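Protein chains in written order, with the numbering used here: chain A, 1 to 307; chain B, 1 to 256; chain C, 1 to 445.
Quick caveat, the hints were computed from the structure, so don't treat them as lab data.
Check each hint, because a few of them may be wrong.
Here are some, though not all, of the chain C residues that point toward chain A, as calculated from beta-carbon distances under 7 Å [unchecked claim]:
1) Ser27
2) Gly28
3) Phe167
4) Phe233
5) Ile242
6) Ile243
7) Ala246
8) Phe249
9) Asn257
10) Leu258
11) Ile260
12) Leu395
13) Leu407
14) Leu410
Source: prediction; values computed, not measured.
Virtual Cβ for every residue (Gly too), placed ideally from N, Cα, C.
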Amino acid sequence: MTSFLQNLVNAMQWGSFYALIALGYSMVYGVLMLFNFAHGDIFMVGAYIGFFVSSGLIALSALGSLVLPSWLILSITILLAMFLTSFVGMLLERVGYRPLRSAPRASAAITGLMIGIILETGNLALLGAQRYKFPALIESTTYNLGGVFITNKKILIVFVSLLLMFALHQFVQRTKWGMAMRAMAYDYIVVPLMGVPINTIALLTFALGSALAAAAGILFGIAYPVLDPYMGILYGWKAFVAAILGGRGSIIGAALAGFLLGFIEIFVAAFISSTLRDLIAYSIILLILTFRPHGFFGEAYSARLRL
Amino acid sequence: MSLLQIEKMTHYFGGLRAVHDYNLEIEPGQIRGLIGPNGAGKTTIFNLITGIYSPTEGRIHLEGKDLIGLQPHQVASLGLGRTFQNLRLWRHMTVLEHVMQARYSKLTYGVVGALLGTPKRYRQEAESERIAYELLDLVGVKHLADQVVINLPYGAQRRVEMARALAIEPKILFLDEPTAGMNLEELSQIMETIRRIHNEFDLTIFLIEHRMKFVMELCDVIQTLVFGEVIAEGTPEAIQNNPEVIDAYLGKEIET
Amino acid sequence: MEESITKPSTSRSTWVNRWQLFWGSFSGVPILGWLIGILGAVALEQLFGSAFAQLLGLSKVPVLFGFVIMLGHPRLIPGTLIYLLVIYALPIGIITQVGKSLTNKLAGYLLKFHLGISALVHIGLLFLVLHLWADISDYRDLVLRLTLIAIILTLSLNIVNGYLGEFSCSHPGFMALGAYAASVLTVLLFVEDKVFGSPLLAPNIGPFLFPIVLILAGLIAAIGALLVAIPSFRTRGDYLAIISLAFLFIVKSLIENLEIFGGSRGFMNQPNWANLSTVFVWTMLCIWTINNFVTSTMGKALNAVRDEETAANAMSVNTRRTKIIGFMFAAFWAGIAGGLFAHVMRYVNPGTFGIQKLAEVLAMVYFGGLNSVVGSIVGAVGFNLLSEALRPLELYKWIIIPLLLILVMLYRPSGLISFREFNIANLLKPKSTSDEEVEHVVTSD
Chain A
1 MTSFLQNLVN
11 AMQWGSFYAL
21 IALGYSMVYG
31 VLMLFNFAHG
41 DIFMVGAYIG
51 FFVSSGLIAL
61 SALGSLVLPS
71 WLILSITILL
81 AMFLTSFVGM
91 LLERVGYRPL
101 RSAPRASAAI
111 TGLMIGIILE
121 TGNLALLGAQ
131 RYKFPALIES
141 TTYNLGGVFI
151 TNKKILIVFV
161 SLLLMFALHQ
171 FVQRTKWGMA
181 MRAMAYDYIV
191 VPLMGVPINT
201 IALLTFALGS
211 ALAAAAGILF
221 GIAYPVLDPY
231 MGILYGWKAF
241 VAAILGGRGS
251 IIGAALAGFL
261 LGFIEIFVAA
271 FISSTLRDLI
281 AYSIILLILT
291 FRPHGFFGEA
301 YSARLRL
Chain B
1 MSLLQIEKMT
11 HYFGGLRAVH
21 DYNLEIEPGQ
31 IRGLIGPNGA
41 GKTTIFNLIT
51 GIYSPTEGRI
61 HLEGKDLIGL
71 QPHQVASLGL
81 GRTFQNLRLW
91 RHMTVLEHVM
101 QARYSKLTYG
111 VVGALLGTPK
121 RYRQEAESER
131 IAYELLDLVG
141 VKHLADQVVI
151 NLPYGAQRRV
161 EMARALAIEP
171 KILFLDEPTA
181 GMNLEELSQI
191 METIRRIHNE
201 FDLTIFLIEH
211 RMKFVMELCD
221 VIQTLVFGEV
231 IAEGTPEAIQ
241 NNPEVIDAYL
251 GKEIET
Chain C
1 MEESITKPST
11 SRSTWVNRWQ
21 LFWGSFSGVP
31 ILGWLIGILG
41 AVALEQLFGS
51 AFAQLLGLSK
61 VPVLFGFVIM
71 LGHPRLIPGT
81 LIYLLVIYAL
91 PIGIITQVGK
101 SLTNKLAGYL
111 LKFHLGISAL
121 VHIGLLFLVL
131 HLWADISDYR
141 DLVLRLTLIA
151 IILTLSLNIV
161 NGYLGEFSCS
171 HPGFMALGAY
181 AASVLTVLLF
191 VEDKVFGSPL
201 LAPNIGPFLF
211 PIVLILAGLI
221 AAIGALLVAI
231 PSFRTRGDYL
241 AIISLAFLFI
251 VKSLIENLEI
261 FGGSRGFMNQ
271 PNWANLSTVF
281 VWTMLCIWTI
291 NNFVTSTMGK
301 ALNAVRDEET
311 AANAMSVNTR
321 RTKIIGFMFA
331 AFWAGIAGGL
341 FAHVMRYVNP
351 GTFGIQKLAE
361 VLAMVYFGGL
371 NSVVGSIVGA
381 VGFNLLSEAL
391 RPLELYKWII
401 IPLLLILVML
411 YRPSGLISFR
421 EFNIANLLKP
431 KSTSDEEVEH
441 VVTSD
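For reference, chain A alone in the conformation it holds in the complex (with noise of 0.2 Å):
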């Protein structure tokens, strides 16, 4: 029994960065119809300017010159990096999608492939190929409880999560732009012809989903020091197939999905090996999807991508 509330503590924290990745995924293919397959390089972009904020706050501390108690350094390096995200995120939009917003959609696709592709070689050739390892911003406490170890690290990174999926779902289901974003998951095709400016709901679309991934980065490179510039591709697919397992444009059903996958994999790892986490993981979604084919919370809505 122990060991299943460990690994449920576990799954929460693992299934945290696949569902915020997933948001992301999810919202851009909600309201654009459109796969961002860059979106796991945007979490990995996040995690380095999360790093570099954090050097440097931590930097100017140590200089002496802005002391700044450790957890306002987490807070403004959460919100910077969101905010710096959000411009890449942005720029993407505009560069990358904007431009083939009438183009088969499947050209859209590749396109954000290879952007992807170049920013892991970006990364690469600026960076230079070492690890950097992420400073750690917060000071590691373990409660006992009956048996169940958990980190503050652990309680902060789906804390985190959480309030912002929660704030996320407040501003999509309050607010007048995430109204607009709503309508044009809706209807992509009336719905712009009806007032709803396209072009900006498109950059907000790209803008909240690369904060959500920065935010997932930054509580990655907490959990997970070391960084890599391909780690938007090793956990970047498997939140992508979870948004799309949610259901299209499900904020909740991408969510939900990611916290699936993160508990399957854990319960694989933990209770049979760690070897067929992907085999078993990728089996059970095969089968969801051959039942409900069109996700959790998808309508029976044939989306093709027109050539």
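Please arrange chains B and C on chain A, whose structure you already have, making use of the hints.
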């Protein structure tokens, strides 16, 4: 024996009854019409007969063969050709390719023949091409054979759909609003084309149409459908004078 | 042209004029002439290339048209250019020009005799050219074989992503199935191996049974394709893309977990049977069957299903059968490509068949052009040559190539040569500067 025989066909979409107790008997060589206001279920009836939907109840027989449960392509290869109300063409294919494609079920060279390019394949494809040109000539778009179909004007696209439906060698041809979106001049041309098709192959035709003049001139027997039920069936004169039909449908048309 | 007539005095237009005249004289050269010309150049290189390269101060023959040398050592650019001019450009130019009338007559004669024979002669010449070209260095040989395999892969993916219009991501998975199936079969049957023990059959008959092994590998991949094809009855487009992606990950993970095949460490010891001629023959077979398929009504049914499935069904096209054939046929060739790949590299590991491979194959298909056999050939050859030529740029190669592809997507969203099929008779026919000659050759019978 009648060519197409439908008995007590009923269909529900979820809880909504779209077609109720529909009966039809078509004799070889007839031109039959199906009229009715928008949303009466006319296209649904076409879709039920051609196998796109499977009826909740009822029997459908083509020359004594049961059509219930067959896939649309099976129904088509038994000899039931159709056109669509909103054109359904293949946007990247040429006119000639459209017509040749509809001969799919007539080709017997199989996958191996296709891959290896056997003489049989070339023979059958050549035969197919010859027939396709004849049909294109018949409907009057032979000169457009090499055009990609989306570049064509609307009227020509309708004709391509007709030639395509004829290429499956139908025993009966279903036309779903063949004059939709056409002006008066095109209307008389398409009517003439339908007559020509009818005479050439002594082909049985079943058509849905909104334009009364067209239906009345062309059809031998007309059914009137309102809310999924046939309220009247008979010759054009009988339909024109049927008070129920005038009430439900025609009245407005004639006055305008 | 008109401009140059009205203003003959300006030197620029004279140059343009001369240039046009120069190129115009090449437009009358048939494919046969080009092949013979290139054959001459390649033979010249075979005989004197190495000596000439040394004379120019190059350490060895420029293996890939000098790109690698020129990008790596700018100092050697003049020498390399002279080499290219003397060994390639001049002989090709001279032979094609001198032999123009002869090759045109020959091409016309061959075509009149029999289209198949004419095609075989052309393919034979092409093989001779490639063989001589690759004979000079192992590097060329390897690049060439991998490029030919890339053609098979690209063409087969084009069947699903182009002709059938699905966005399938499972192609590296089919390739992996084929690669492992073929490797296991050859090693089990014909090779002394630590895991599988002594060969079950006499190793010397192996090369003769290798085609059967490859076909089996293709069939195994095709059976795997059913897992993607059957869901495609119910769902299409985006969800099928995810299903195919999941399939890819499942195959990769499955192989990683099969310790008997080496797990994630990989599988080696494949016999060296995938030489240039084997790969060439399979590539030609692939192009031939796929071209036959997509030009038949049976194959065009894929397009009908893609463009308007309901109409296809109502026009007697068996849509399920069509999808199954499309997926299985594509997977079959991907499997064969995998089998050949494994025997070229003589080592495979599951990591080869991941997202990177997927990105590469997709890039080749969309670069070359959807729904086109020529497009796929151009895509595969272009991508591979580019990728090799830019090798000296190291990391920056992977910025330049994606950028190029993005440009292609921006200006030609469905690829360089899309929705176009080639007509073999048209391709092989004699060409002439005066049209009447062509008419005469083609219509005289």
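* Of all the hints given earlier, name the ones this structure violates by number, lowest first. => 1, 2, 4, 10, 11 and 13
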